[in-house]
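As a plain string of letters, each chain reads:
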Amino acid sequence: MNVLFFGIAKDIVGSSEILFSDEEAKPATVAALKKDLIKNYPEFLKLKTLAVAVNSEYANDDVTLSGNDEIAIIPPVSGG
Amino acid sequence: MNVLFFGIAKDIVGSSEILFSDEEAKPATVAALKKDLIKNYPEFLKLKTLAVAVNSEYANDDVTLSGNDEIAIIPPVSGG
Amino acid sequence: MKKVVEIVDVIDTAKVYTELNHVESGGICVFVGTVREFTNQEQVIALEFETYRDMALKEMEKIADTAIEKWNLNKVVLRHAVGEKGVAEPVVIVGASSAHRDACFEACRFLIDTLKETVPIWKKEKFKNKSVWVSAHP
Amino acid sequence: MKKVVEIVDVIDTAKVYTELNHVESGGICVFVGTVREFTNQEQVIALEFETYRDMALKEMEKIADTAIEKWNLNKVVLRHAVGEKGVAEPVVIVGASSAHRDACFEACRFLIDTLKETVPIWKKEKFKNKSVWVSAHP
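Those protein sequence lines, which keep their order, are chains U, G, W and L. According to this note's numbering, the first sequence is numbered sequentially starting from 1. According to this note's numbering, the second sequence is numbered sequentially starting from 1. According to this note's numbering, the third sequence is numbered sequentially starting from 1. According to this note's numbering, the fourth sequence is numbered sequentially starting from 1.
Be careful, since some hints might not be right.
As the list claims (entries may be wrong) - Result set (DSS-like, lysine-lysine): computed pairs, CA atoms no more than 27 Å apart in a straight line:
{"hint": "1", "chain 1": "L", "residue 1": "Lys126", "chain 2": "U", "residue 2": "Lys10"}
{"hint": "2", "chain 1": "W", "residue 1": "Lys126", "chain 2": "G", "residue 2": "Lys46"}
{"hint": "3", "chain 1": "U", "residue 1": "Lys26", "chain 2": "U", "residue 2": "Lys48"}
{"hint": "4", "chain 1": "L", "residue 1": "Lys62", "chain 2": "U", "residue 2": "Lys34"}
{"hint": "5", "chain 1": "G", "residue 1": "Lys46", "chain 2": "W", "residue 2": "Lys128"}
{"hint": "6", "chain 1": "W", "residue 1": "Lys128", "chain 2": "W", "residue 2": "Lys116"}
{"hint": "7", "chain 1": "W", "residue 1": "Lys70", "chain 2": "L", "residue 2": "Lys116"}
{"hint": "8", "chain 1": "W", "residue 1": "Lys128", "chain 2": "G", "residue 2": "Lys48"}
{"hint": "9", "chain 1": "G", "residue 1": "Lys48", "chain 2": "W", "residue 2": "Lys124"}
{"hint": "10", "chain 1": "U", "residue 1": "Lys34", "chain 2": "L", "residue 2": "Lys58"}
{"hint": "11", "chain 1": "L", "residue 1": "Lys126", "chain 2": "U", "residue 2": "Lys46"}
{"hint": "12", "chain 1": "L", "residue 1": "Lys62", "chain 2": "U", "residue 2": "Lys48"}
{"hint": "13", "chain 1": "G", "residue 1": "Lys10", "chain 2": "G", "residue 2": "Lys48"}
{"hint": "14", "chain 1": "W", "residue 1": "Lys116", "chain 2": "W", "residue 2": "Lys2"}
{"hint": "15", "chain 1": "G", "residue 1": "Lys34", "chain 2": "W", "residue 2": "Lys124"}
{"hint": "16", "chain 1": "L", "residue 1": "Lys116", "chain 2": "U", "residue 2": "Lys10"}
Calculated directly from the structure, the hints in this document are not laboratory data.
Just chain U, with the same shape it has in the complex (with noise of 0.2 Å):
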């Protein structure tokens, strides 16, 4: 499983993108995943939101994940 890192999100983890490995336990949903990055970065809780695509498409809380999608974390947007 591989997750993409964005904008503050990058900074806050200091990665651009973090691979699970087969072997680590791997949050099943996207809720899982919000929760275990806000245990291990507190700092995500000060974020005015924080959302996750699933294959480059915005996902709610309750999408499963599986070992072949690409995840990203994405932080509030502010183009234009």
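On the provided structure of chain U, position chains G, W and L as indicated by the hints.
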């Protein structure tokens, strides 16, 4: 007194400019000018609006006209 | 120069952004009016524009000044073409440049709406078999 | 091509009008977002944009399709820049082309408002002594 005609007004009178020589009875106000015009060219009655400009500013009916004024007949505008 | 007010033979759409660019602006809104091929299902061959130039420029200046004052604009452009314009050619370009986007959108709409109401410019639609002065009759 | 959706290094503002030109259009509305020199009285040296490109292009396509459908547009452009942009440089350009001006104004506003809400692009404001990710915190 010099009166300019534009757009459909030019087509109605068949000229882009009419000079009132000093000898002629000249209209004293914008209202009188409009009345004269409509009398001589009833087609003006069919227009949606009929405005008059005196020295390149829109002028109300009660504005008085003098021999040195540049007067223009402004049919409905349609720029843009 | 804060405002550009012009009546020209041919509109160069490419230069308007340069004219509206400003270090204090975060937003630029531009409207371009072009010749449509069909009006009420009738094919238009060309539009012919004429103007009372001195008065038109005065009225366009007034519109620019009003907009600058009301929306605190950094730059304004009002430029209208005259002569014959074929299908898809630009006939008018107006633009506003401001700190934030609300102001430039509202101002740009005001510029074109007011120009169409007050500026002494007239257009004739040329069809295959007739010509019509637009908006002349009720 | 009805829509142009792009993420680029440098925005060429001069070509957007050609992209939006259409024989069935009487109105073209364009918005350009540029870098302002001051934000809350602090001098900005540059903005740095980054994006999740694949997703951003997908979201921009959705916005274009929604606008084309809702306002019956003839052409749409959505183009965003990435990388570092200095004061007065363009960072985004959006435009809509339609038969009448109501539609292109409303659509253009929708394009930029929705882009700012949903497209995964992030900007960092670079000041003399610090850098700040815009809108990250409440």
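Status of each hint after checking the structure:
1. Between the alpha carbons of Lys126 (chain L) and Lys10 (chain U) the distance comes to roughly 17 Å, so the proposed pair stays at or under 27 Å and holds.
2. Restraint check for Lys126 (chain W) and Lys46 (chain G): the C-alpha separation of about 21 Å stays at or below 27 Å, so the hint holds.
3. Restraint check: the Cα-Cα separation between Lys26 (chain U) and Lys48 (chain U) comes to about 26 Å, which is no more than 27 Å; the hinted pair holds.
4. Pair hint Lys62 (chain L) plus Lys34 (chain U) holds up; C-alpha atoms about 26 Å apart against a cutoff of 27 Å.
5. Between Lys46 (chain G) and Lys128 (chain W) the alpha-carbon distance is near 25 Å, which keeps this suggested pair within the 27 Å criterion.
6. The hinted pair formed by Lys128 (chain W) and Lys116 (chain W) meets the criterion: a straight-line CA distance of about 26 Å does not exceed 27 Å.
7. Pair hint Lys70 (chain W) plus Lys116 (chain L) holds up; C-alpha atoms about 26 Å apart against a cutoff of 27 Å.
8. Between Lys128 (chain W) and Lys48 (chain G) the CA atoms are separated by roughly 25 Å; this keeps the pair inside 27 Å, and the hint holds.
9. At most 27 Å may separate the alpha-carbon atoms for a hinted pair to count; Lys48 (chain G) and Lys124 (chain W) meet this at roughly 16 Å.
10. Restraint check for Lys34 (chain U) and Lys58 (chain L): the C-alpha separation of about 23 Å stays at or below 27 Å, so the hint holds.
11. A distance of roughly 21 Å separates the Cα atoms of Lys126 (chain L) and Lys46 (chain U); the hinted pair therefore holds under the 27 Å criterion.
12. With a C-alpha separation of about 24 Å, the suggested pairing of Lys62 (chain L) with Lys48 (chain U) holds against the 27 Å cut-off.
13. Distance check on the hinted pair: Lys10 (chain G) and Lys48 (chain G) sit about 16 Å apart at the alpha-carbon level, within 27 Å; holds.
14. Pair hint Lys116 (chain W) plus Lys2 (chain W) holds up; C-alpha atoms about 22 Å apart against a cutoff of 27 Å.
15. Of the pairs offered as hints, the one joining Lys34 (chain G) and Lys124 (chain W) holds, with about 24 Å between alpha carbons and a cut-off of 27 Å not exceeded.
16. Straight-line distance between C-alpha atoms of Lys116 (chain L) and Lys10 (chain U) comes to about 20 Å, which keeps the hinted pair within the 27 Å bound.
Consistency note: the structure conflicts with none of the earlier hints.
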